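Q: Following the hints, complete the assembly by docking chain R onto the known chain H.
Protein chains: 2
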Amino acid sequence: MAATIQDVIMLFGDSTTQGGWEPGLDGFATRLSHVYARKLDILNRGLSGYNTDWAKPVFERCLAAKRDQLNAPKIRILTIWFGANDACIKPSPQHVPLDRFVTNLKEFIDMVQDEASPYYSPATRIVLISPPPVNTHQRLADLQSRDPPVALDRDFRTTRSYADAVKGVAHAKNVAFVDIWTPLWEGAGMRESDLTKYLNDGLHLNAAGYEVLYEALINVIGERYPEVHFDNLPSTFPPWVDIANLKG
Amino acid sequence: MAATIQDVIMLFGDSTTQGGWEPGLDGFATRLSHVYARKLDILNRGLSGYNTDWAKPVFERCLAAKRDQLNAPKIRILTIWFGANDACIKPSPQHVPLDRFVTNLKEFIDMVQDEASPYYSPATRIVLISPPPVNTHQRLADLQSRDPPVALDRDFRTTRSYADAVKGVAHAKNVAFVDIWTPLWEGAGMRESDLTKYLNDGLHLNAAGYEVLYEALINVIGERYPEVHFDNLPSTFPPWVDIANLKG
Numbered sequence: 001m002a003a004t005i006q007d008v009i010m011l012f013g014d015s016t017t018q019g020g021w022e023p024g025l026d027g028f029a030t031r032l033s034h035v036y037a038r039k040l041d042i043l044n045r046g047l048s049g050y051n052t053d054w055a056k057p058v059f060e061r062c063l064a065a066k067r068d069q070l071n072a073p074k075i076r077i078l079t080i081w082f083g084a085n086d087a088c089i090k091p092s093p094q095h096v097p098l099d100r101f102v103t104n105l106k107e108f109i110d111m112v113q114d115e116a117s118p119y120y121s122p123a124t125r126i127v128l129i130s131p132p133p134v135n136t137h138q139r140l141a142d143l144q145s146r147d148p149p150v151a152l153d154r155d156f157r158t159t160r161s162y163a164d165a166v167k168g169v170a171h172a173k174n175v176a177f178v179d180i181w182t183p184l185w186e187g188a189g190m191r192e193s194d195l196t197k198y199l200n201d202g203l204h205l206n207a208a209g210y211e212v213l214y215e216a217l218i219n220v221i222g223e224r225y226p227e228v229h230f231d232n233l234p235s236t237f238p239p240w241v242d243i244a245n246l247k248g
Numbered sequence: 249m250a251a252t253i254q255d256v257i258m259l260f261g262d263s264t265t266q267g268g269w270e271p272g273l274d275g276f277a278t279r280l281s282h283v284y285a286r287k288l289d290i291l292n293r294g295l296s297g298y299n300t301d302w303a304k305p306v307f308e309r310c311l312a313a314k315r316d317q318l319n320a321p322k323i324r325i326l327t328i329w330f331g332a333n334d335a336c337i338k339p340s341p342q343h344v345p346l347d348r349f350v351t352n353l354k355e356f357i358d359m360v361q362d363e364a365s366p367y368y369s370p371a372t373r374i375v376l377i378s379p380p381p382v383n384t385h386q387r388l389a390d391l392q393s394r395d396p397p398v399a400l401d402r403d404f405r406t407t408r409s410y411a412d413a414v415k416g417v418a419h420a421k422n423v424a425f426v427d428i429w430t431p432l433w434e435g436a437g438m439r440e441s442d443l444t445k446y447l448n449d450g451l452h453l454n455a456a457g458y459e460v461l462y463e464a465l466i467n468v469i470g471e472r473y474p475e476v477h478f479d480n481l482p483s484t485f486p487p488w489v490d491i492a493n494l495k496g
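First to last, the protein sequences are chains H and R.
With the numbering used here applied, the first sequence corresponds to residues 1 to 248, in that order.
With the numbering used here applied, the second sequence corresponds to residues 249 to 496, in that order.
These are calculated hints, taken from the structure and not from any lab test.
Keep in mind that this is a model prediction, so the values were computed, not measured.
Glycine residues also receive a C-beta, built at the ideal position from the N, C-alpha and C atoms.
Incorrect hints may appear among the rest.
Examples of chain R residues toward chain H, derived with CB under 7 Å [as the list claims (entries may be wrong)]:
| # | residue |
| --- | --- |
| 1 | Val306 |
| 2 | Cys310 |
| 3 | Pro321 |
| 4 | Tyr368 |
| 5 | Asp442 |
| 6 | Trp488 |
| 7 | Ile491 |
| 8 | Ala492 |
Here are the computed lysine-lysine pairs in the BS3-like style, where the Cα-Cα straight-line distance is at most 25 Å [stated by the list, open to error]:
| # | chain 1 | residue 1 | chain 2 | residue 2 |
| --- | --- | --- | --- | --- |
| 9 | R | Lys495 | H | Lys56 |
| 10 | R | Lys495 | R | Lys304 |
| 11 | R | Lys304 | H | Lys247 |
| 12 | H | Lys56 | H | Lys173 |
| 13 | H | Lys74 | H | Lys173 |
| 14 | R | Lys421 | H | Lys39 |
| 15 | R | Lys287 | R | Lys338 |
| 16 | H | Lys74 | R | Lys287 |
| 17 | H | Lys106 | H | Lys74 |
| 18 | H | Lys74 | R | Lys495 |
| 19 | R | Lys338 | H | Lys247 |
| 20 | R | Lys495 | H | Lys66 |
Okay, chain H solo, but in the shape it has when bound (with noise of 0.2 Å):
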């Protein structure tokens, strides 16, 4: 049986957090792991294709009740990061309407941040983070081409409306926010086509896209909660040159 000797973070999403640890990518759960090595242990409770509706009974287990909580690491960092497939369109069985969305992302906060919550954490940082922007083109050619063809399924300003709503959030509830959406759309130079610089399959973040997205992540988590900053944070368990000074 593992020891609790590190807190962690929780990286809570959909197929865009699951994938974080893709070779060749260099996504952002590879290099969270690699700079809080020793400092928090990350968990990833991405959830490839869910929507805020099916995430919400799997976030409640993710989380220690209070009954629980004995030797439980706390979640010193906590990302949410949906909307991507919330912003399915009609008929997709993925559609969560943008009320419906907006309302689930602020349950997830209260479950955490509620006094009156069966999991209430008052250590837990919050950052959502956007949906990235899609490109339709891309998805478009990589859905006609399965067998059998399917048909479109996301639209570019919805995603948009998601995104918008996702920052919504975020200053209601007073908690960080990382804007993906904005610095793709503006590095493509704002054309939908080119955001194939960013994007796999106009979808899902490539190696550009997930160093964008760490960047702002860790700024982010610098500025806001600078006390869970990688260089805030002792290591655990001493470096080896003061053992050695130690014995010497």
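A: Relative to chain H, chain R alone:
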């Protein structure tokens, strides 16, 4: 607080373990984290510069004793990867004599496998990994470039004898063994200076070295402990299409 929803793989070792998520390398921690996503969490307990003497008290703290096992995740796979620092030559403070290195490795295994141990964990599958070969040409150049320059602290044949010893311990204790020494040596045409193919600085694996390690490790898991190979473990939480079909 984070609930325990997945068991874990614990990576216990020195800097080659701690650096297993380094960006640009697709290290074994990155690759394991990816293929075991939604199956097992990866806990990196790599300790840069440590030898087995210094790692012993740390290992005790990484394992949950019986009284603390409520809600603690099971360690399903434990990799133990030491020797690169123990094999330092005198007067390096990192040096551990070969016989004590062997004793220490056996103690690590006994802490997990001995029924009388307070950390007894019958579900844990252990994989010992040998240290990689040293390229003393590369290592010396690195040490001489420091300010002030540092004398050569490792020796090709000594590290080889520590690698052989790890194999001997694995055999004696009947646990799985990953030989990283031999494939790197043979892949370099058995020419020490050509180990640049697999090593960054004469000591630490580069991307090609980690690729050999990951493939060897996954093969050993599949052959020796197939029940914990990622292909044979179910995903935590159902696939999204199953939820969509249920609601459809």
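Q: Need the status of pair lysine 56/H, lysine 173/H: alpha-carbon distance at most 25 Å?
A: holds, 18 Å
Q: Per the CB criterion, is alanine 492/R less than 7 Å away from chain H?
A: Cβ of alanine 492/R sits 4 Å from chain H, so the hint holds.
Q: Against chain H, run the beta carbon of isoleucine 491/R and see if the smallest gap drops under 7 Å.
A: holds, 5 Å
Q: Can tryptophan 488/R be said to touch chain H, with a Cβ gap under 7 Å?
A: The hint holds - tryptophan 488/R has a Cβ within 7 Å of chain H, the shortest such distance being about 3 Å.
Q: Given the proposed pairing of lysine 304/R with lysine 247/H, does the C-alpha separation stay at or below 25 Å?
A: Distance of about 15 Å is within 25 Å: holds.
Q: Just to be careful, I want the Cα atoms of lysine 421/R and lysine 39/H compared with a cutoff of 25 Å; is the pair within it?
A: violated, 32 Å
Q: Against chain H, run the beta carbon of aspartate 442/R and see if the smallest gap drops under 7 Å.
A: violated, 25 Å
Q: Does the structure keep lysine 495/R and lysine 56/H at a Cα separation of 25 Å or less?
A: holds, 15 Å
Q: Keeping to a limit of 25 Å between CA atoms, is the pair of lysine 74/H and lysine 173/H held or broken?
A: Roughly 21 Å between the alpha carbons, so the hint for lysine 74/H and lysine 173/H holds.
Q: Can you confirm whether the C-alpha distance between lysine 74/H and lysine 287/R stays at or below 25 Å?
A: holds, 21 Å
Q: Need the status of pair lysine 338/R, lysine 247/H: alpha-carbon distance at most 25 Å?
A: holds, 15 Å
Q: Just to be careful, I want the Cα atoms of lysine 495/R and lysine 66/H compared with a cutoff of 25 Å; is the pair within it?
A: violated, 32 Å
Of the hints listed earlier, those the structure fails to meet are numbers 4, 5, 10, 14, 15, 18 and 20, in rising order.
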